[in-house]
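S.K.: Residues per chain, in single letters:
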Amino acid sequence: MDKLRLFFKLIGVSFKSQMQHRASFLMLISTYFLSTFIDIIGIWVLFDRFKMVQGWSLKEVAIIYGIMHIGFSIPEAFARGFDNFGLLIRNGDFDRVLLRPLGTLFQMASREIQWMRLGRLLQGCIILMWGCLELQFSLNPLHILTILLAILGTAAVFYGLFILQATLTFWTTETLELMNITTFGGLEVGQYPISLYNPILRGFFTFIIPLACVAYYPIATALNHETIPMWLGTIAPLGGLIFLYFSIKLWKLGVQHYSSTGS
Amino acid sequence: MKAYLAILYARMATLFQYRGAAFAGIATQVFWAIIKTMILTPFYAQASVLQPISLTQAITFIWLGQALLALLPWNIDKELEAQVKNGNVSYELVRPINLYSLWYARAFAIRTVPTIMRCIPVFMIAILFFFGLSAPVSWLASLTFGISLILGAFLSAAITTLIIISLFWTISGEGIQRLMPHVALLLSGLIVPLPLFPEWLQPFLNLQPLRGVIDIPSRLYTGVIPIQEAFYYLGFQLLWILILVGIGKWLMNRGLRQIVIQGG
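Protein chains in written order, with this note's numbering: chain H, 1 to 263; chain Y, 264 to 527.
One chain only, chain H, in its complex shape (with noise of 0.2 angstroms):
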């Protein structure tokens, strides 16, 4: 509890200070947000042309699009600490955090925190509105739970993906710019329907890394686009909190095989 306190604490101190340059600051998230429409314009593109893919519509996309964009933006803004931490490694600074009294997991994660990025998620919240709206998407508590449950499943794919680019830093001690395909590739990989790719594919971002699980599957069953039981497709973003523990345990083993490049 009193971690969770001390979190939260960090998150206000680092959110005071990035608005003490008030002016820069709303630059900047208002810059991030309209540079994160670009992937919907592409879409957007697509569909003004085709009008449909595999009987998906652009106002049904959207929707799993959203939960995508929103799930990214929050590790986006809060695992910073695990992107730039091939320089941690490097220098040897690593050692300075074993000292500390508090885990390793929690420093990371406090350690720097990016709040434009928020920006991505007010897009999201956008588009994921729209599509509602438009396809008058009825919001009974089931849907808003399988919107909510598959918001926190993406969120924690993604937290996890940043934490094992980071875990491979222990044995490569140089960031793998070859993870952004996880990542950045992932959120491209996850914003169309999942049924478009190939069976290996598929196969791999369900099973490997469960994105399908998380935002296509649960809306998928809720729009009668996949034949699975809707419990199953309700559930499915747990998937992603499974992810989520094996990358934390991950790293532990990570933390224990650290040896110090410093002098």
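Misleading hints may appear alongside valid ones.
Said to hold, decoys possible - Simulated crosslink set (SDA-like; lysine to any residue; CA at most 20 angstroms straight-line):
1) H:LYS51 - Y:THR300
2) H:LYS59 - Y:ALA310
3) H:LYS51 - Y:ILE454
4) H:LYS51 - Y:SER317
5) H:LYS59 - Y:GLN309
6) H:LYS51 - Y:ILE410
7) H:LYS249 - H:LEU238
By construction, these hints were calculated from the structure, which means they are not laboratory data.
Following the hints, position chain Y against chain H.
M.R.: What follows is chain Y alone, placed relative to chain H:
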């Protein structure tokens, strides 16, 4: 001229050292091209009316775009940015060289070297694994593609230089530097090939300079632009290079007249 060529060579030799980054870039671009191909194919599968470009052409657009991604004016030379920020740009002004040409040479290096390092492996992977990259439609098409690509590099370098010059006014340039990659991707047809955009947007898309970097070469390669019209499009690229270099030189003169050197 000799001095600027020397700067260009020196800069290119340095940039060729970043092979690790190129490797990550190659893997990412191949992945992206495969994903984009997979997304586009089912869209085409149910299209009932004839599209402006065929699926085969669209897939070739995707591969050309991903292979040549680094050619886009999406970033700037970090050393030059630092010079403007810390005031060291004043040393450059003392030297008996033209600052615009110096920056342009460096911009040209930063556009071409990463592109050369990445495009050849990406093309090889695309061909070896039959990922749908088709051959140029004719010998003449590949020749005009090559010429157009070189013009595209000059054009992209002119845009890159303009972004650096804009730092005279904005100093931090964070806004433009964050937006530029996205604008460049969208307007050069890397998100979705430009011919697939709605008809009512085409007049605008056809006139903006960013299409001269990758879109025109791709259209020549795939035969979307017939060979007899090639001269018109090469002229379009040349015209934009002249306009943007002109604007860049003019802005730089204005910027230098009122420049305030940062730092003590």
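S.K.: Can you give the numbers of the hints that this structure goes against, from lowest to highest?
M.R.: Per hint list: single violation, 6.
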